[in-house]
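Colleague: Start from chain A and add chain B according to the hints.
Each protein sequence line maps, in turn, to chains A and B. For the first sequence, numbering that gives the first Met the number 0 begins at 0 and goes up steadily by one. For the second sequence, numbering that gives the first Met the number 0 begins at 0 and goes up steadily by one.
Any given hint could be a false lead.
[Stated by the list, open to error] Distance condition first, Cα-Cα at most 25 angstroms in a straight line; then the derived BS3-like pairs of lysine-lysine:
#1 A:Lys172 / B:Lys240
#2 A:Lys6 / A:Lys52
#3 B:Lys10 / B:Lys181
#4 B:Lys240 / B:Lys316
#5 A:Lys29 / A:Lys203
#6 B:Lys56 / B:Lys181
#7 B:Lys302 / B:Lys57
#8 B:Lys56 / A:Lys172
#9 B:Lys181 / B:Lys57
#10 B:Lys181 / B:Lys208
#11 B:Lys6 / A:Lys170
#12 B:Lys316 / A:Lys170
Note that these hints are calculated values from the structure, not bench results.
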Amino acid sequence: MALTDEKVSLLEEKAALIRRSIVEALIEAKSGHTAGPLDMADIFTYLFFHALKYDPRKPDWPYRDRLVLSNGHICPVLYATMAHAGYFPVEEMLTLRKLGSRLQGHPHREWLPGLETSSGPLGSGLSQAVGMAIGDRIDNGHTSGRQIYCLMSDGELDAGNSWEAAMLGGKEKLQNLTVIIDRNNIQIDGFTEDIMPLNPLVDKWRAWNWHVQEIDGHNFRDIDRAVSEAQAVFDKPSVIIAYTIPSKGIPEFERKFEWHGKPPTTPEEIEIALRAVRTLGGRIEAPHHD
Amino acid sequence: MLNPDLKLNPKIFDTDVEQQPIRAGFGEGLLQAAESDTRVVGLCADLTESTHMLAFKKQFPDRFVEIGVAEQNLAAVASGLAAMGKIPFLSSYAVFSPGRNWEQIRTTVAYNNQPVKIAGSHAGVSVGPDGGSHQALEDLAIMRVLPRMVVIAPCDAIEARKATLAAAKNDQPTYIRLAREKTPIITTEATPFAIGQAAVFFHSTGDFKLLTDKIDVAIVATGSLMHESLLAANALHQAGKKVAVLNLPTIKPLDEGLLLLLARQAGALVTVEEHQAAGGMGSAVAEYLTAHFPVPIEFVGVKDRFGQSGTPAELIKLYNLDAASIQAAALRAALRKK
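Just chain A, same shape as in the assembly (with noise of 0.2 angstroms):
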């Protein structure tokens, strides 16, 4: 069933919150990335409020669907995501990046609760969600409930690694795998194309037999009817490469890859991105162009 015109409504609230809360972290910790947190808002805001089945008081639930972040880099919007789902107090993302902090300035699963796996390093996210999905599929057969999901970036497509757990992962026909890569082609040095192409992304994927879709990263409706299209799928793992703007949410930022790994920090920077963040009024820009 699609979305509702109120639960899109909710959703974008939600994101705004979400990037308010990833902004006022980053300012407070002083490091971090900005560009792929603010980008990826909307879809972990979509997972986390509609899609994922998780319970935040049982973070170990057996029966909950399993979200592998692989660029952990962007771990703020996870983190801000969860504590918004009732995972930790929203006011704990204050702490990020600092001693005894649960939040990691790259997530490590045993600090805090809920996290599915630990990650920084690029490349070996898809392969752990693969055997996660292999793992699952041993238990249940195709019977099985549970959703894998593993995001993405695009720059780490750079890495090896990721190929060779794309291509254990159409070998393997798990369709209970579902990857969404942030295709918001920037990496630290510069613009994926230059630093390293990727392009054509969607035959490369094609190529290993994956189900292939391209969305609006920012829109809530072509997100859901994605995720809902990748697990009708049968037979083969489904990617879905999300367009998104680096630093959504800030306009003054967008679209540049100076803001990958840093945070606001200079009074100009800081004042920006707060009324960016804080006069979103609930709605974020969707581009609602269908």
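Modeller: Frame of chain A; chain B shown alone:
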């Protein structure tokens, strides 16, 4: 004399002592572990037969994952399986795993604290004709430096089977080092084995508890060179030296108590391993004893070189890992005592 309590193979010093590759014990242990625990799964990177995972694959095809030539994926997929409650055993050659996939092992297994069991076969120069590219001489160093990682180098096929069974139950990331070539069977089914426990296999005066008698020197050996070490000790004993041999299958965690007693009693040690002298078992022993009871130590191992093609016996001799070299090192260590 051999330690009677350990029920070692009485034919150890016979020329016709039975021989088996250490890796074969891993295969038997894996099958046995899988029979008694449905959580045990196996992963291999296109080396199923030579790492002795084939019997497991045939018996439990639904619990076996063929990864192909992709060792980074091998380690990280195993981590994902462990996250779903499985006990994954992965096997390959040690140069590839943990060689090629060290970072995946560090992050997705050790840092992530998933109880993945890594079997690294074809360790040491005794791989033979395949040459230096395939002879892992660095694996103990790169694995023992990882927090949480248990590191075991069994001395024969029987100990390898027991180590595999123990690893299936220890709930920790674990590395098991295996060798390709047949080596003499030293232990028996009745020989005790526990992760973290060393044992005195040979002692000139019979003081196997290391409580009273002073001796001239002690040999601490791990893995495939145990038989050469016992031959060296026997020759030294025949020549009138008082000598002991400690089997140290677990390099991490070290059996510190027994090492301390041994160092006190012998006052000089020689460590023996088919590995770089730098960073391996000898280094682990030295790190501990330097801090707690410093004694002269000679290190029998490969001295900052790569391997090469040859027969296993030729290479063991060429790299000064044979009984004669161990004997000479033991005498040097004894001479350095104050």
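Colleague: What's the verdict on Lys240 (chain B) and Lys316 (chain B), does the C-alpha distance respect the 25 angstroms limit or exceed it?
Modeller: Holds: Lys240 (chain B) and Lys316 (chain B) sit about 23 angstroms apart, inside 25 angstroms.
Colleague: Take a quick look at whether Lys56 (chain B) and Lys172 (chain A) sit within 25 angstroms of each other, Cα to Cα.
Modeller: Roughly 20 angstroms between the alpha carbons, so the hint for Lys56 (chain B) and Lys172 (chain A) holds.
Colleague: Within 25 angstroms, alpha carbon to alpha carbon, are Lys56 (chain B) and Lys181 (chain B)?
Modeller: Roughly 23 angstroms between the alpha carbons, so the hint for Lys56 (chain B) and Lys181 (chain B) holds.
Colleague: Straight-line Cα separation of Lys6 (chain A) and Lys52 (chain A) no greater than 25 angstroms?
Modeller: Holds, because 17 angstroms separates the two Cα atoms, which is no more than 25 angstroms.
Colleague: Has the given pair, Lys316 (chain B) with Lys170 (chain A), been kept, meaning a C-alpha gap of at most 25 angstroms?
Modeller: Status violated; Cα separation ~46 angstroms.
Colleague: Has the given pair, Lys29 (chain A) with Lys203 (chain A), been kept, meaning a C-alpha gap of at most 25 angstroms?
Modeller: violated (38 angstroms)
Colleague: Just to be careful, I want the Cα atoms of Lys181 (chain B) and Lys57 (chain B) compared with a cutoff of 25 angstroms; is the pair within it?
Modeller: holds (24 angstroms)
Colleague: Below or equal to 25 angstroms on CA atoms is what counts here, so check Lys302 (chain B) against Lys57 (chain B).
Modeller: With Cα atoms ~41 angstroms apart, Lys302 (chain B) and Lys57 (chain B) exceed 25 angstroms; violated.
Colleague: Does the alpha-carbon distance linking Lys6 (chain B) and Lys170 (chain A) stay inside the 25 angstroms limit?
Modeller: Between Lys6 (chain B) and Lys170 (chain A) the Cα gap is close to 49 angstroms, so the pair fails against 25 angstroms, i.e. violated.
Colleague: Need the status of pair Lys10 (chain B), Lys181 (chain B): alpha-carbon distance at most 25 angstroms?
Modeller: Roughly 16 angstroms between the alpha carbons, so the hint for Lys10 (chain B) and Lys181 (chain B) holds.
Colleague: Are the Cα atoms of Lys181 (chain B) and Lys208 (chain B) separated by 25 angstroms or less?
Modeller: violated (31 angstroms)
Colleague: Measure nothing beyond the straight line between the CA atoms of Lys172 (chain A) and Lys240 (chain B); if it is 25 angstroms or shorter, mark the hint as holding.
Modeller: violated (65 angstroms)
The structure fails to meet hints 1, 5, 7, 10, 11 and 12 from the earlier list, while all remaining hints are met.
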